[in-house]
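With the hints as a guide, dock the two chains, each given alone in a separate frame, to form the complex.
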Amino acid sequence: MKKILAILMALALVLGLAACGSKTLADEPENGSESTPAAADYADLKIGLICLHDENSTYDNNFILALKEVQAELGLSDDQVLIKTNIPEDDNCLTTAEELVDEGCNIIFADSFGHETYIMQAAQENPDVQFCHATGTHAHNAGIPNFHNAFASIYEGRFLAGVVAGMKVKEMIDSGKITADKAKIGYVGAFPYAEVKSGYTSFFLGVRYIVPEATMEVTFTNSWFDIALEREAALKLINNGCVLISQHADSEGAPKACEEKGIPNVAYNINTASIGPNTALVSSRINWAPYYKLAIEAVSKGESFDADWTGTIATGSVELLEVNEAVAAEGTDEKLEEVKGKIESGEIHVYDISTFTYKGETLDSYQADVIDDGTFQGDTEAVSDGYFHESEYRSAPYFDVDIDGITIL
Amino acid sequence: MQNNSSKNTREPLFHIAKRNAMVWWKAWLIRGASIIASLVVCAIIIVSLTRQNPLEVYGAMVKGSFGTSRKFWAMLQSLSILLCISLAVTPAFKMKFWNLGAEGQVLFGGLCSMVLMFMVGDRIPNALLIIAMLAASILGGIIWGLLPAVFKAKWGTNESLFTLMMNYIAIQLVSFAIMVWVPSGSSVMGLVNSGTRAGWLPDLFGQKYLINILIVAVLTVIMFIYLKYSKHGYEISVVGESENTARYIGIDVKKVIIRTMVLSGAICGLSGFLLVSGTNHTISKELAGGNGFTAIMVSWLAKFNPIMMVLTSLLVVFLQRGAGEIATKFSLNTSLADILTGIIIFFIIGSEFFINYKIMRTNSGKEGK
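From first to last, the protein sequence lines are chains S and Z. Per this note's numbering, the first sequence starts with residue 1, numbered consecutively. Per this note's numbering, the second sequence starts with residue 410, numbered consecutively.
Simulated from the structure, these hints should not be mistaken for lab results. Check before you lean on any hint, since a few could be wrong.
[To be verified] Straight-line distance between alpha carbons at most 25 Å, and here's what the computed DSS-like set of lysine-lysine pairs gives:
| no. | chain 1 | residue 1 | chain 2 | residue 2 |
| --- | --- | --- | --- | --- |
| 1 | Z | Lys505 | Z | Lys637 |
| 2 | S | Lys184 | S | Lys335 |
| 3 | S | Lys170 | S | Lys236 |
| 4 | Z | Lys738 | S | Lys293 |
| 5 | S | Lys256 | S | Lys182 |
| 6 | Z | Lys738 | S | Lys68 |
Here chain Z stands alone, though its shape is the one from the complex (with noise of 0.2 Å):
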């Protein structure tokens, strides 16, 4: 390269240009095949490493979700904590607005909910200490969300940094929590009022989850409408896009800011509440348990479409069971379901980067290869 010969300049064999939008029933085709593409690697990735019939282990994960009613109804109940927290952060990266703090907003939830569980629990009348608990939940979520982008609007500092580190914040607060609850030093909450069931969700026709279930879904239909057909979520698009139009079109951006991250940050803490009251019963530093950050995954599959939403949640929860089920199954090490998970999304991934571009030919020369 260093020689000066500029004629000698290589331009590179392909080059990617942006595709018209394709017709559906194509992109469909592409993601299709991608998804088929994805189980042809796994499988002899299967095969090379474990010599298990790949059919037989596909089938295996499937069971992991459909296998039993049991496991369908845990599997809807993961896929309703994932989905809700996805719902929560998709207002706030839809207007490019990086909160990866929704781990902390779920976790400060939780811990608001778990404080009126614990402190008085037997003292007040349950259906109160229920309210009590979704309303202080919701509260701590608006307040963990509130703050970056408060600072974020005022001073413009750096979100992501600053709700990445509201997360250790209140990953410490649980331990501290914890500590004074539970003084002989073993950070084992464990089942908190399991005698009177205080500040539990009831069973709603036999269904220990349903009441999560149905709330996530009635949430869904309310996110959906509000951001493809409400102002607010207007604005948050025309935000996202491009903030000097907003300000032109006289949008107040800080205030959309402010507004969108109280939104994101409730949703956050009514998912700790579903967590913490209608899921666990007890709290943890691991209450989360990375779906804060799954949930981005989730929703920038989805294209910040909550209807689509249920369907990539329901993929990261159908492989998350699989692998456990796979791993059992087979007695393999659930890394190996985690390297196909891998695997998987990678290709889902890389079929939108075909549905959108295109790699064409240059045409330097004439001299075909």
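For reference, chain S alone in the conformation it holds in the complex (with noise of 0.2 Å):
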């Protein structure tokens, strides 16, 4: 019995440890191997990347996908192409730069805010190899030759994306659905930094761009990839009375929550209309293609590159994907050209401080943490000719200001 027992418990552990890595298996990618007789230039090359989780994060897959489309691009062979997923922000990112080192690596990419200081470690013994870590913030002047960061000015993008947005709420409000003082939108993100805080800021000053009596909520999951508690945070805003919900989480459970409940939803890096037809509304997305591309070629050119980049939308690396037509209101295509113009040719900047307070009272001036010494201090004047320079200092964003108008649950 006792015997029995013990498989038994045994049994249980091993379809434990099965569901605690439960994630579906994602479809096949294609094997695109056109071995083409690769352009004299990249024969040699070796690019590696190493990501926090896999295919099932929207944030994982759209650094893959668009690793794939330039290995498409430049007829790399799949030997040329190492993607190392589900990789830790602790020892095993150090471990594995280093493998990848070892299997002829010339340029290694990483994904995660938290394999920073790994990566950096990697490249400091390394000197021979191009570390680029996205989203990080200690390149622009950590003095490491071959350690670079990059991130892009998605905070335009997410603006665009609240443009959108706004112009569903204020048809909810046009058709007598809700009235303007209910126009509330929520927000379901992952940890309370800047590059969250700057993220939801820009697109809710682009909801109040159109409409400006809107109000949000945002709650946070304290987690990069949770679906369940993603479904959760959703629901939680929904249920205070949200009209529409945006989200800066890596799974699909928040676009999957509104699609039941038939709420509107804004996505950040992958088209949802698949998943939502009928609450998918657009999505912003950073296209990480464009650096890729400027950094390989770099390296087999044997070029120097930038230590820190932010792509733009002028760089292609800022994107909206598609309007869901079944969803957006009429009328959105014609604003979403206009004030994507009006961004580009700096009639429009997203952190203008007209646009918003602090505390009741205009931000005239804000010393931003730009240089990350570990002592958190504010230490670069971020505000300037009347708005606040996001992503111009360095790329990962340094915008935290809580701004009135945003309740944080």
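In structure tokens form, the structure reads like this:
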């Protein structure tokens, strides 16, 4: 009896283990290895990518798809692109980077904020290999020649997504579905730090550009990928009366909850139209392909490239994925073109200090924590010429002001 | 079934009976056969799902642990951590004390190390710091293991629930500490003291994991001797087999429970120290990474024999590392590797069933089917 119990216990554990790692099997990526004779430049090239999660995370998938796109474009073989998924933000990250170096990689990308210090160490120990870390904060003043950061002015993309959302909310008000004082939107964030705060604030300001009365509630999951938590968070916001939801966390939990409840949703990094045909509105995305290409080409030519690089709408790094006509309000496309033009021409600044207040006052000066030296003290004046200069002093966001109109739950 | 014919009570066609002890080579033959069978089933799944050559996939899995010397060392490092936590849970489980709290004990032990490393890292000599961190971690692990043990011994509380809940408290404490230390809100500590390396276990002969590995190797031998040859070890097995017997022969059961959980917690705390000081040099909620639960399986699979645990933890680590390797090599999702791991472990556990039991035809009627 005891033996049977023991066996059952062990079985339960095995199943439990399997459940812990329960991610649905992703679609097989097509074996697009048209082994075209790679352009001579790229023949000796080997690229590594370190991802925190795998294809099931919208964030990581965005990195993986962009790299595959670049691989196809440059005619690289499958042996030249090594993708390591599910690498946690600890010593495993360093070991994985070193293993990629052993495999002969000349350039290694890493996609998660917490990978940074391990990648920096790998860079110092392997000076002949270029290390590119997305979303990181150290490269601009770390002085490590083979260590790079990159990000994109995604706040502009989120502002535009906010405009699409604002049009939708305006439609609700105009049709009498809600009154203007009920124009409350919800936002599911991962962690309460600058990257997320900058993101939801720009989205909110985009909504306000169309509906000045709008308010927003934000709730955090304290995890980058947790389907159940993100779903619950979205449902909580919907129960609180939010008429539209957006999110900055990497599972499909929130968009699916929105589809169930019939609440419009604005996504990040993926087109969610397939999972929310009746509610997916639009999605902003960082397209990493331009950065991959820039870095890979520099390495193949033996040239140096930026320690800290910010992609923009102009570089093709900030994209708005197709507006879902079935959900979007009438006139959205025209409005979008108009606002996009104004952003590119500099007529609109996302963090224009005349469009928001902080504790009831205009934010005419702000010391942002641009230099990441572990003190968490502001060190750089970010407000000038009437707006907050995001992603100009370094690529990673540093706008972390809790502006009025946003309630953090 | 509802009709009244009592004659028709059906006896099952087969029944299960306990085997007498099997000769060792037969047992190993069954184990070997089960592994081969599991590999065949895995091969069928690999071919049907991915159209890859299963032999190549297995080859890549082997490379994941043995492909380069760096991979080999990384494998040894993962092995030593999993083995250390398995050694920690073993005395408790042998005593039938269901310690599901290894995860929390490791985490809290690690947190104690990190408090010192982060707060006084640059103020005291490194050797002193490391010793203090070690002591703090062990103490932390003890506290986290002792609490449920005392409650169990004094008031008969359920230790599974208690230890499990202690995990969540440890996770929240770590989250809280990180929130205080990293006011930006990113919850990312990153490498701590990367400039000064204060509180980092030093490299030994150029190998950064060697100290970890040696500590755990020594601990394995000590634990083997402790469980097999010491009076304490004997008391643990008696309490595990039957508390009444233990009481009858004059063993102070409460004392044994508390003493054993102190030991279990202390080794978990040590694992936390090895993870913080010897491996990651950071802390996060995921420090133990599920090893606190995997260790239970490792320990049971090895039938609580520390030397066998080297093999069972090697098996688990080998499969984990192989998983990552095939995911990269064949652009497959790591879930496939999880499926293969599940199948292989299922067969291995299944083989133990056939070693301990036999299935016999029930002799009810003469009509041979």
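Under the constraints set out in the numbered hints, which ones does this structure not fulfil? Hint check: nothing fails, all pass.
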